[in-house]
Structures are given as C-alpha cells and as structure tokens.
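Chains as they are written, first to last, in my numbering: chain A, 1 to 112; chain B, 1001 to 1113.
If you're looking for bench data, these hints aren't it; they were derived computationally from the structure. The reader is advised that the hints may include incorrect statements.
Unchecked claim - Cβ pair distances, simulated, as ranges: (1) A:K79 - B:G1063: 39 to 45 Å; (2) A:S28 - B:D1054: 29 to 35 Å; (3) A:S53 - B:Q1041: 28 to 34 Å; (4) B:S1073 - A:S28: 21 to 27 Å.
Remember, predicted model here, so these are calculated numbers, not experimental data. Ideal placement from N, C-alpha and C gives every residue a C-beta, glycine not left out.
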Amino acid sequence: RKEVEQDPGPFNVPEGATVAFNCTYSNSASQSFFWYRQDCRKEPKLLMSVYSSGNEDGRFTAQLNRASQYISLLIRDSKLSDSATYLCVVLTPDTGRRALTFGSGTRLQVQP
Amino acid sequence: DGGITQSPKYLFRKEGQNVTLSCEQNLNHDAMYWYRQDPGQGLRLIYYSQIVNDFQKGDIAEGYSVSREKKESFPLTVTSAQKNPTAFYLCASSIRLAGNEQFFGPGTRLTVL
C-alpha cells in the first residue's frame, strides 16, 4: 500500500462547479498535512496547510480526518485557472528524518 | 528577489556521462532537498541537507551524489551508475528540516540519449 494515495483523475468540471478531492495516508503517526498545486511542467507550490480543525482560504477548504486517515480539498466556484495537478503531502516522523511524502497528484481540468 | 534557481532548465546527456545540476537559494534557509519526478508519479526524495557540510540519503539515493559546502548551494551529480536518470529534477529548501513549507526551484529536465 502506498504511503499517500490519491485518485489521479482527471476530474473534468465546468466553470463554477464545486469539486472535492480526497487523499488517504497509511501511517497513523503522520503529523502534518499539506496541499500543493503543480501546473503542467512547473514546480509545486504550497496551496494550503491542513489543520486538525480544518481551514479555509477563499474558495478552498481543507479538512483532516485522523480517524479514517484522509485529508480532503474542496474547491468552490471553480475557475479556469484552477486547472492543475493537486498534490497531497504528508509529514511522517521517520527516525528523525521528518520527511515529506508526496502523493502522485490529482489532475483537475476546469472547462469553459 | 528571494528564491531558488536551478540550472540548466533542460539538459541532455549521453549514456555513461556524469552530469551536475545546480541549485542555489538566497532565502537563508538551512534545509535543502533534491527530488525526482517521473510522469504520473509523485516526488521522490533523493538527498537532503539539514545544514552546511551535512547531507543524508533519501529514498532513491543510488547513482546520485551531493555536496553542501555553502548554505546557498546544493548541487546534485547524476552519475553513470544511475540506471534510469531521465526525469524532472526539483530542488527545494525550507527554513529548517521538514515540517515547514518547502519552496521549489523551477526544475531541470534531464534526458539521457
């Protein structure tokens, strides 16, 4: 089982739609969680951190469910510019390395 | 303008040759990382460095080497021992080791001919 699993998509949605992605992680000791956005052939950029209480940033909402070991990202009122790959990232303590583990990403295509 | 630079953007190499990828940051970050990304896959950690003159192997270090002689610089050498080196290589840095936002450079696409 992969440490971090995501549905690769693509999710094809019309402008203005609401779309949600889930990401599951295997290690219950994972401590910190992030969503990164990666445009085609570009570097990843931090979209938002995911807190236990959930957090919202404009049209984006992130949630953490520790019991079921998944995090989610909700995008409301999708824009064409939201088209990208969304990477789920998990920090898991590992003999002091404290390494980030990246999911393979979920591709979103917002259509006019 | 603070950030991370990587050069070159595209690199072609003949089989059997070593090649060094450059990574420089002026963010005053202590920690630096090298990742490799293959099509349809997540980023995999090659090497990381917590501080100057210190570095550790990541998940896929075989066939790669690094140095960290200066805080700003963390070059990666892809040696001829790397069996499948064609990939997108990303350098990143963070204020300290993990747990914080990692800032990425624009990446180098290496193609072995």
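Verification of the hints:
1. Here the CB-CB span from K79 (chain A) to G1063 (chain B) is close to 42 Å, well matched to the stated 39 to 45 Å.
2. In this structure, S28 (chain A) and D1054 (chain B) meet the distance hint of 29 to 35 Å, their C-beta atoms being roughly 30 Å apart.
3. Checking the proposed 28 to 34 Å range against S53 (chain A) and Q1041 (chain B) shows it holds: the Cβ atoms sit about 32 Å from each other.
4. Evaluation of the 21 to 27 Å hint for S1073 (chain B) and S28 (chain A) yields a failure: the beta carbon distance comes to about 38 Å.
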